[in-house]
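> Listed below, chain by chain, are the residues.
There are 4 protein chains.
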Amino acid sequence: MARFEGALARASARVGLVPAAHAEIISRVCERAQFDAAALAREGRAGTLAIPFVKQLTAQVAAVSSEAARHVHAGATSQDVIDTGTVLCLKPACARVAELTVQLGNGAAELARRHAATPTAARTLLQPALPVTFGWKAAVWLSMLARSLAGTRNAASSACILQFGGPSGTLSSFGERAGAVMEALAQELGLPASWVPWHSARDRFARLGAELAILAGVAGKIGRDVSLLMQPEVGEAAEAAKAGRGGSSSMPHKRNPALSMLALEASQRAPALAATLLAQLTPEHERGLGQWQSQWFTLRELVCATASGTSAMADALEGLEVNVKAMRANLASLLKDQPQDAFGAAGAMIERALGEWKAATSPGTAP
Amino acid sequence: MARFEGALARASARVGLVPAAHAEIISRVCERAQFDAAALAREGRAGTLAIPFVKQLTAQVAAVSSEAARHVHAGATSQDVIDTGTVLCLKPACARVAELTVQLGNGAAELARRHAATPTAARTLLQPALPVTFGWKAAVWLSMLARSLAGTRNAASSACILQFGGPSGTLSSFGERAGAVMEALAQELGLPASWVPWHSARDRFARLGAELAILAGVAGKIGRDVSLLMQPEVGEAAEAAKAGRGGSSSMPHKRNPALSMLALEASQRAPALAATLLAQLTPEHERGLGQWQSQWFTLRELVCATASGTSAMADALEGLEVNVKAMRANLASLLKDQPQDAFGAAGAMIERALGEWKAATSPGTAP
Amino acid sequence: MARFEGALARASARVGLVPAAHAEIISRVCERAQFDAAALAREGRAGTLAIPFVKQLTAQVAAVSSEAARHVHAGATSQDVIDTGTVLCLKPACARVAELTVQLGNGAAELARRHAATPTAARTLLQPALPVTFGWKAAVWLSMLARSLAGTRNAASSACILQFGGPSGTLSSFGERAGAVMEALAQELGLPASWVPWHSARDRFARLGAELAILAGVAGKIGRDVSLLMQPEVGEAAEAAKAGRGGSSSMPHKRNPALSMLALEASQRAPALAATLLAQLTPEHERGLGQWQSQWFTLRELVCATASGTSAMADALEGLEVNVKAMRANLASLLKDQPQDAFGAAGAMIERALGEWKAATSPGTAP
Amino acid sequence: MARFEGALARASARVGLVPAAHAEIISRVCERAQFDAAALAREGRAGTLAIPFVKQLTAQVAAVSSEAARHVHAGATSQDVIDTGTVLCLKPACARVAELTVQLGNGAAELARRHAATPTAARTLLQPALPVTFGWKAAVWLSMLARSLAGTRNAASSACILQFGGPSGTLSSFGERAGAVMEALAQELGLPASWVPWHSARDRFARLGAELAILAGVAGKIGRDVSLLMQPEVGEAAEAAKAGRGGSSSMPHKRNPALSMLALEASQRAPALAATLLAQLTPEHERGLGQWQSQWFTLRELVCATASGTSAMADALEGLEVNVKAMRANLASLLKDQPQDAFGAAGAMIERALGEWKAATSPGTAP
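Chains as they are written, first to last, in this note's numbering: chain A, 188 to 554; chain H, 188 to 554; chain D, 188 to 554; chain F, 188 to 554.
One chain only, chain A, in its complex shape (with noise of 0.2 Å):
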């Protein structure tokens, strides 16, 4: 919120609005201000939380020039500092769980080109049903993280934009270079200006908040498979023991697929979330009565949420134990009636997903 604010002043200055050395004060005063986060909750909680914020950065501002301070937050209102604020949170945070994807699509491609003829059994309603490759059930992974990792990415660049209308939402006090600030403040922001505000259009942030919650249940989809092979009745896959990691406080001989759990905990928090965002986007006319303020809360869960489970499975696929053996026993054992080694199309399959993920990793795409 410091940034958006110092970053206002230049850009304030640079069309001429502000003296430059005014906002040349407010912008450092911003990069150290210090904010008591107790009396910034006691007196936000009547409303906005913009208030108090203003009236500690103003104060801090003040004591090195009481003119300076007259051009904090000028021509902005709460929601430009807030959503702003949000966004450059946002940001590297959505950055962040595009690294945690590509990491966990990387093990899941190794996976596929490693096994692509490891035999093993399909398995539907948790009946096997035929033999497929292991290859082949990670190939499935892949295709889905490709469309993740392509639809998180759009959705982070759409919704990771500038807010900037001021009370009305119109720029109407800064009349005829209302334009030409924006411009200026999204260029010192490094974010993309949005020239029609979007304080009650809330609908990039739903769709970011339906991509994350599909990045979490990807992660759940490859937690559920890893668990259940993990089952020491089938015992075809483990997570990598690690100190630390998958023990019981009562059973010291269990080994728990912990990095399934924290995949599959975050796949079942993460639609509600997400929910609650695309119920967000029917506020009443330019700020509604809590719409907005819900998605505070509910992005910070769901960010967090999606980054816990891709992080997790990216951990479990690094190190997998594939039992290549019990899967060949096993397959020979549910399905003896069965040809053992007719994968039809499964080579030609992961070869597709290969290149699907290729395609998606591949410099030029990265928004």
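Just so you know, the hints here were simulated from the structure itself, not pulled from any lab data.
Treat identical chains as interchangeable: a pair holds within one or across any two.
Below 20 Å or equal to it, Euclidean Cα-Cα: the simulated EDC-like pairs (lysine to aspartate or glutamate) are:
id	residue 1	residue 2
1	242	218
2	278	370
3	242	211
4	512	420
5	523	420
6	441	230
7	242	223
8	429	230
Small disclaimer: the values here were computed from a predicted structure and weren't measured.
We have chain A; now place chains H, D and F onto it with these hints.
Frame of chain A; chains H, D and F shown alone:
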């Protein structure tokens, strides 16, 4: 579902797996096959609808040629015929939703243009904020519709693809001709082929569900604003009076925002339906217990809700009565201490939104 | 809905507001009235289904007596007839759900008793933990069913009440006889009266929705465990084989947990449906825009889903094949270093659960 | 969590399983134990928070007596200490929520009494319907609060119970003394014992979550109505003006319904949080993958949201400014052709609602 089976027979014939004459018989029977829906429901409840469906179809083919009957559904699995059947319904449904979105957006664009200079009060937290123009308000709606139109079309285009994997997902019973059958089948049905089967990869339906919920939310947002403006105490806009719409069973004097109500109804039901689709991403192995099945009901409800809300607001905006005088009068009374004609960048914002809409609806963009 | 209108006429006659002969005519017409559903849908879409419904009913009464026709629906409002009509459907539906719950619980109780001393492995995070008995496992299911039975009955009993407030909610057109008509109407319909109308107080449906979702979840939990035990690699329990159930359209060798799948399907759809009902509590003033209407579809889907899941698991437990030998063998193999017969308080726990079930199903407890 | 471990040591001593002196040491260390939260988070992420917690606690006990340290956590499992710890937080939180509900209900009751004869317009679909009294409107709110108070207390009372089953759920390591330890532990903690453990039976938290969401919805409903009445175009009621509440960071002239906004914020976030709890009922076997863990975050968010909304509206109703003149003036203007004083059974309805509230708050009813 019968279209799928007919196309499968023809595709199999094209690659030499089924005698052309038999494929011809199956194909013709499929065109006019009749099904006992009650029997399908009764038997389908025991696991999968595809079993009684294939049984009934096979009987009808056998009545013509028992030899042809042996080729019905050959190499396919329940999920191939049900998912592809679903897609064959979804595709025109989504096209219709897109049409309704275009109609709704054109209505918003027309308001944005016509009322680009009509002053009205921006309202935040249901309190008057500052003057804006009504055209600017419509432009904010329009900016969301431009994104929703693109989003819905992309999601529909990604979701409306062939499902074809056979019982294991690898098309194993087609051996080396698997790819050829798939491509031929895709051609026969006019659907893109999906090399990697999506039996257990349900992200595309989740993404489509989220876009539909967002669109329902955007229509609901417009309905929210219209219904608030139509309060007699505000009186700034009204849905057109029309015989048989917006009446009351007990109060003949009433004129209700019946179309806004339909849009808000849909927007209140859509988020949780989308959440159900987002929660079905973690099925067990190659086909899960219930995730796939729960999508049928949910997609049906969600597509219908979205179409209902979008259609209602398309009608509402086409006939919207805008009371320019009341807007000016309220503005003068509510914000008498504010300049009544300082609209900042409103005009430029409207132009941008119209430009985004034009881009979204230009011929080249629809998939 | 016709039952409501007939009862309203009789109730109004009982307090002297409608001539007895006219009430008699209305009442008789209501018993055999026929409605054009397509016209209802077409016209109802314009706002409320009650308007075309009352129109069609009035026409049928007018065909007998135009004077009687003037009294149709007199003093009531749309929401009175639609909500009460909904309740008249919900009441037997909830009674049926309770019956299915009793059947399911009796199945669990029987397993708890029969297998009180059958050793099996407790499994946490899909890994073997320590020995328990299979009867104890069923007792945990049973403890939830006892609470769900009580909860569903209480919620249904609270929700299945008369809606009667007239257009304003105060029954104003009945003047001093308002209370008397309400009591008479409640008697005629066999529903409790609700003095405070619930046009805009929708918590009872929300509470019922939550209980139905919980019950669907409990049935799903049993389905989860049964389907995991039925994995051939585990083989400790199985749904009974039955012609036409659990087969595959492509793999005749398969035996699927088809009933568990139905229960899990319902449990995966119910939470979001309940969330929709929980989200409809904030309508605008005395009747909101869409909150009420969205409950119709949602309650229908939710009741059907819950009944489907409960019924499926009631069937599953009745025929459940428990493989005591496999349980012992797995236990010996999975937990060979653990004492195989240390069940702590398992026996006492089973007794408690059976006692709770007995209390929940004893004659005095059903509302 | 430390309270649980201390009580467990004392309970075990009472039944003779742990030397009294050792229990005394453990108990005293637990009272003042300090934990390294960062280490807990870091290690807990690997599976369960209980492992590093017990490790840190054991070290602190060992610093006093290495022999006592051997008895820390003895016989318990992760879920016992975490669930019981959660319950020990939930219990006072729910008591506080109930207090806030009483305060909110008392405010509504006061309005119902004071304005029993204050005429105002009923509004349906945001259009004037017929005259009612403002007291009657408050009585409808009150009727929901009476049910919510009872519902929340019952659900909290059912959910706030001891969790104690040991690693298998059967308390197997306590042998014949299992029941005695459980009863003693329940006594020590002032919680009801639960003979049947609820490690995998999560319906009680789901039921509590639904009640909290309903209460949040009821507070939101009151906020909805207050915020609509506070529109300056309506002007019939207003939240009390107060320094530092309801202001705007950019428009000093504004007076916002800030408390209603808080209530609506909570009501828009609560349903999906409750849905997450409703969706966690189907864990795998005796402990599932993620269902339990997802409840921690969700319960925290939900309790806080509900308390926030309820508290906000309790404040709002206490200071509510009711503009009786504006109500009469609007009524005369909006419904001039209607009798302005026909309130039917409104008075009797208010009495009933007050009676229900009195019953809900009478000393005997609180669990």
